[in-house]
Amino acid sequence: MILSSLVFLPLLFALLVMVWPKSNTVRHLALGLSVIEFLLSLAIFRQYDANSAGLQMVEQFMWIERFGIQYFMGIDGISLWLVLLTTFLTPIIILASWSSITERVKGFHAAMFVLQTAMIGTFLALDAVFFYVFWELSLVPMYFMVGIWGGARRIYATVKFFIYTFAGSVMMLVAIIYMMYLTQEATGQMSASLLDFYKLQIPFVGGTFFSLQTLLFFAFALAFAIKVPVFPLHTWLPDAHVEAPTPGSVILAGVMLKMGTYGFMRWVIPLFPEASEYWAWLFMLIGAVGIIYGALVAMVQPDVKKLVAYSSVSHMGYILLGLFAFNAYGMAGGLYQMLNHGISTGALFILIGMIYERTHSREISKYGGLASALPLFTIFFFIITLSSIAVPMTNGFVGEFLILLGTFQAQPEFAYFAVTGVVLGAVYMLWMFKRVFFGEKGELVADEHHPLHDLNAREIAVLVPLVVMVFWMGLFPNHFLDFSKASIDHLVNNRTNYNLTIVEPGTAASTQAAQGGN
Amino acid sequence: MNAATIGLSDILLVSPMLALFLVSLIPITAKVLRNNREQHPLVTLSQALIGIVIAIGLLIVFGGGGKTAFNNGLIFDGVTQWMGIIALASAGAGMVMMYENPSTTGKQFSELIFLAMSSAIGMLILVSAVDLLMVFIGLELMSLALYLMIGMSHEEKLSKEASLKYFILGSFASAIFLYGVAFIFGSTGGTNILNFMETAAELVQSSRMFLFGMTFVILGFCFKVSIFPFHAWTPDVYQGSPTPHTAFMATAVKTVSFAAFLRVIATKSLVGSDHLFDILQWLAVLTMIVGNAAAIMQNNLKRMIAYSSVAHSGYLLIGVITAGVSDSGAFGASGVIFYLLGYGLMTIGALAIASMLEKSENHIINIDDLSGFAKQRPMLALCLTVFLLSLAGIPPTLGFFGKFYLFNAAIGEGLLWLAVWGMLSSVIAVYYYLRPIVVMYMKEGNAEIAGHSLNATTVTAVVMALAIVLMGFVSGPIFAAVEASLL
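So the protein sequences, as listed, match chains A and B. Add 3 to the 1-based position in the first sequence for my numbering, that's all there is to it. Add 207 to the 1-based position in the second sequence for my numbering, that's all there is to it.
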């Protein structure tokens with residue numbers, strides 16, 4: 004029941020927030036509830052057995068019997084960290100939005116909790132239809148978050164976001180239904196369970212687009228690629244990011260984009276191994292192009308938030324590259340980079356939100372000399388910048404290093420591209436940092452009528468956990484990688500014939516011992 | 208058919224219709240006895256609703272099991288029960304709205320309710336008819352009452368125009384239908400669907416006359432359920448009618464028309480004629496595209512819903528085709544029924560909220576009128592959001608599961624491309640379903656809510672919204688129950 008509580012408690016919280024009588028304490032309530040949710044996820048983390056590659060804490064029962072659709076969720080080394088990332092970021096986001104969200108506070112927090120349910124559900128669901136329900140549900144609260152609390156062009160941005168991502172995923176639904184019929188053909192019993200999908204042998208013919216596996220592969224891949232988003236399907240992202248309020252940007256960059264890369268890891272690569280391998284060049288190519296393109300476009304942005312948004316396109320390109328390298332380094336690096344990006348880019352958006360609250364502008368040219376006015380803010384911003392450009396000892400380094408290692412092993416030519424991206428990343432971030440924090444004081448900073456205040460205690464409390472994570476993940480990557488190792492290795496080694504076993508609680512260690520004995 | 212064959216079982220089977228008929232007489236009789244003075248509208252409404260509840264109860268108790276009545280003229284099986292219940296419930300909800308909407312309350316409420324009840328009797332005949340002439344009788348009884356209803360309660364020009372348009376085109380459709388029936392009679396010597404159930408697939412190939420008749424019968428239905436290119440009347444009539452009538456037509460009328468359509472298609476005539484099969488597939492695709500594309504351009508809320516209902520007819524036609532070509536037929540048919548169940552709930556709900564925005568008889572509601580609605584009436588705005596998201600097919604609402612089951616049946620029968628088109632055109636649909644939500648939540652303004660409170664209509668909307676969300680979670684058992692009743 005623990006996973007179900009993790010998924011559906013936020014939904015209950017959303018209701019609680021909505022009916023809460025006092026609007027001035029609703030923030031405290033929401034913060035408390037989100038911390039409860041985080042503690043619950045820590046409890047799951049403690050129970051999790053890192054030695055097993057199987058699915059743990061599984062909950063499974065028939066939901067729609069006619070079609071073999073199950074209520075089916077479980078956790079493994081791949082979803083574990085993404086769930087923790089979600090629950091970790093949520094209290095931080097709520098605290099960060101303390102003073103920036105002043106209207107319809109109840110609605111905002113309710114949307115936040117519904118979104119949490121949808122995201123965690125997406126990461127834990129192991130039945131295709133069940134997964135699809137969460138996947139689509141996540142659009143609705145995000146749509147409201149951008150549309151109600153966003154900037155001037157919020158409506159354009161939010162409708163574009165919704166339609167883009169919805170359009171991407173409709174073909175996935177058709178593919179899911181089709182695969183349900185394939186399970187019926189294979190076993191006589193219709194099923195939408197991921198484990199049954201893994202067992203399918205879907206015919207694949209190389210060289211043609213119209214082979215069954217290729218078609219299904221692209222139906223799924225399109226949905227995930229738009230969510231990631233890969234070049235050239237990324238155009239909704241800068242719009243959504245720029246118009247979204249700070250918490251919206253953080254959750255979008257921090258978690259929602261990972262739903263796409265997670266989709267590749269959980270669904271596309273193991274379900275369609277031959278097609279994935281055959282078309283890997285395409286995805287590595289668009290990954291590499293995305294890295295360079297995102298970086299180049301980021302470089303010329305006058306708006307600092309848009310700069311970070313384009314840097315996301317660049318960073319997500321790395322993840323794609325790592326995943327389609329199909330080796331342990333690349334996969335582990337891809338997963339690590341998902342977490343890194345969630346923390347670093349999330350933190351960047353929070354920092355930008357803080358300075359925006361003070362000056363109501365995000366134009367780089369209007370800043371300058373911020374370092375002398377806001378020393379504390381500068382320090383935090385600097386640390387996160389270093390993490391974002393992957394300086395050693397920060398989390399970003401570990402991820403990019405592993406990805407590049409994996410890519411060199413698999414497809415060196417793409418790695419050359421990617422390395423260029425590392426340099427470009429340093430260029431645009433450091434250049435931006437220089438223009439914002441050093442040099443002549445810009446018009447916003449020099450404005451004597453409105454002196455800028457440095458970070459207050461709440462804001463420091465928001466940033467400290469993120470900075471701690473930056474160094475923790477940078478200095479002790481094995482604390483994190485070890486928990487995913489078994490699952491990643493299992494995926495890499497059995498990619499063409501992938502399967503997952505369900506591990507009964509308490510028996511995980513003994514199974515592993517037995518396997519070791521063989 | 209002679210009198211001797213009519214027994215008690217026939218009477219019991221048609222008891223829902225008898226009950227409706229008897230109850231429908233009460234309000235107008237009371238009016239006559241009271242020297243042409245209206246009784247309190249609430250009393251009239253309660254009588255009508257009691258009648259509907261009784262009819263639904265009788266339908267559940269005595270119907271089902273594939274029993275036939277009146278010399279195989281009527282059949283009482285799963286389709287009859289489910290479609291009948293959906294239609295009657297929608298009709299009831301429509302009457303609740305009639306009670307409160309400014310354009311339909313007034314001096315002639317008893318007559319209005321009498322007509323609505325008569326129309327409902329026609330609907331019950333239509334869902335159970337297996338003789339093409341019975342179908343015709345049901346169709347006409349339902350439609351004649353509607354022509355009057357649309358025209359009578361409104362002083363406005365638009366409504367007269369709608370009434371006339373609906374009357375002329377409706378009669379045209381009936382004539383085409385009847386023409387088709389004549390051809391079928393000419394080629395088979397009978398009009399009972401059950402008689403040519405087994406042989407229709409061959410007849411379509413061997414007899415040009417039968418094919419001709421079948422085509423015309425199908426055309427008649429295409430008119431009734433607004434399949435492209437026979438949909439042109441829909442937006443005008445939906446917009447011109449008082450909103451409760453629009454709700455009545457969009458849900459109850461559509462449901463029963465599809466029920467009769469299903470019965471004709473279930474003869475497997477599509478299996479025999481490839482051309483008919485191909486043409487219907489294309490009509491489904493075009494209907495989805497045209498309905499959705501036209502809905503994008505609408506500013507008028509009711510017109511938008513009208514075009515969206517055209518698009519939904521396209522989705523439903525996929526199910527009808529599936530039922531026609533699949534071996535059991537039950538799968539596709541239950542997809543249609545389930546879809547109609549969801550569609551009924553969300554359309555009634557959306558129109559109930561539109562009805563609340565109507566200040567006067569001549570009030571035209573544009574989408575922009577909703578601006579600020581979320582601040583003034585957060586609860587109702589949330590309900591409307593649920594309806595729109597459900598119409599768009601976003602999980603976990605009932606609308607999503609409706610599409611899921613419908614497309615599932617289509618893919619199961621190898622009609623993959625229809626499902627693909629359906630999904631693609633639902634992407635277009637998302638665009639216009641989001642617009643009212645944008646206006647409600649994201650634009651400043653003062654939504655003009657009618658001065659008098661519409662309590663019953665509000666309750667209807669809230670109940671529908673709750674049902675849409677909750678039934679989404681238990682859609683599996685509902686679908687299984689529908690399918691089991693058809694096997």
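FYI, nobody ran anything at the bench for these hints, they're computed from the structure. Mixed in with the good hints there might be a few duds.
Pulled from the structure, derived: some chain B residues nowhere near chain A, Cβ distances all over 10 Å [to be verified]:
#, residue
1, L355
2, A382
3, F607
4, N615
Derived Cβ-Cβ restraints for the label pairs, each shown as a range [what the hints assert, rightly or not]:
#, chain 1, residue 1, chain 2, residue 2, range
5, A, I39, B, G313, 54 to 62 Å
6, B, P436, A, F212, 30 to 38 Å
7, A, W284, B, L673, 44 to 52 Å
8, B, I503, A, T499, 50 to 58 Å
9, A, R49, B, V676, 46 to 54 Å
Pairs of lysine-lysine residues, derived as DSSO-like cross-links and limited to a Cα-Cα distance of at most 30 Å, are as follows [stated by the list, open to error]:
#, chain 1, residue 1, chain 2, residue 2
10, A, K25, B, K367
11, A, K109, B, K367
12, B, K367, A, K163
13, A, K309, A, K369
14, B, K274, A, K25
15, B, K367, B, K238
16, A, K369, A, K488
17, A, K25, A, K163
18, B, K238, A, K109
19, B, K238, A, K309
20, A, K163, B, K650
21, B, K367, B, K274
22, A, K163, A, K202
Note that the Cβ used here is the ideal one computed from N, Cα and C, for glycine as well.
Hint check:
1. Every CB of chain A lies more than 10 Å from the CB of B/L355, the least distance being 42 Å, so the non-interface label holds.
2. With a least CB separation of 40 Å from chain A, B/A382 remains clear of the 10 Å interface cut-off, as annotated.
3. With a closest Cβ-Cβ approach of about 7 Å to chain A, B/F607 is found to fall inside the 10 Å limit, against its non-interface label.
4. At the 10 Å boundary, the C-beta of B/N615 falls inside the reach of chain A, the nearest C-beta of that chain being 5 Å off.
5. Between A/I39 and B/G313 the Cβ separation comes to about 56 Å, which falls inside the hinted range of 54 to 62 Å.
6. Under the hint 30 to 38 Å, the C-beta atoms of B/P436 and A/F212, about 34 Å apart, fit the expected range.
7. The given range of 44 to 52 Å is respected by A/W284 and B/L673, whose C-beta atoms sit roughly 51 Å from each other.
8. B/I503 and A/T499 have their C-beta atoms about 45 Å apart, which leaves the hinted 50 to 58 Å range violated.
9. Checked against the hint of 46 to 54 Å, the C-beta distance between A/R49 and B/V676 comes to roughly 35 Å, which is inconsistent with it.
10. Note on A/K25 and B/K367: the hinted pairing is violated, with a Cα-Cα distance of about 52 Å set against a maximum of 30 Å.
11. For the hint linking A/K109 to B/K367, the alpha-carbon distance of about 47 Å lies beyond 30 Å, and the restraint is violated.
12. For the given pair, B/K367 sits about 41 Å from A/K163 by alpha-carbon distance, which is inconsistent with the 30 Å threshold.
13. Using a Cα cut-off of 30 Å, the hinted pair A/K309 and A/K369 holds, with the two alpha carbons roughly 15 Å apart.
14. In summary, the hint linking B/K274 to A/K25 is not supported, as the alpha carbons are separated by about 60 Å, beyond the 30 Å threshold.
15. The suggested pairing of B/K367 with B/K238 holds, with an alpha-carbon distance near 25 Å, which does not exceed 30 Å.
16. Proximity of A/K369 to A/K488 is assessed by CA-CA distance (about 46 Å); at most 30 Å being required, the pair is judged violated.
17. In summary, the hint linking A/K25 to A/K163 is not supported, as the alpha carbons are separated by about 35 Å, beyond the 30 Å threshold.
18. With a CA separation close to 51 Å, the supplied pair B/K238 and A/K109 exceeds the 30 Å bound.
19. Of the supplied pair hints, the one linking B/K238 and A/K309 is violated, its CA atoms being roughly 70 Å apart against a limit of 30 Å.
20. Note on A/K163 and B/K650: the hinted pairing holds, with a Cα-Cα distance of about 17 Å set against a maximum of 30 Å.
21. A hinted pair counts as satisfied when its Cα atoms are at most 30 Å apart, and B/K367 with B/K274 does not qualify at roughly 42 Å.
22. Simply put, A/K163 and A/K202 have alpha-carbon atoms about 37 Å apart, too far for the 30 Å limit, and the pair is violated.
Of the numbered hints listed earlier, those contradicted by the structure are 3, 4, 8, 9, 10, 11, 12, 14, 16, 17, 18, 19, 21, 22.
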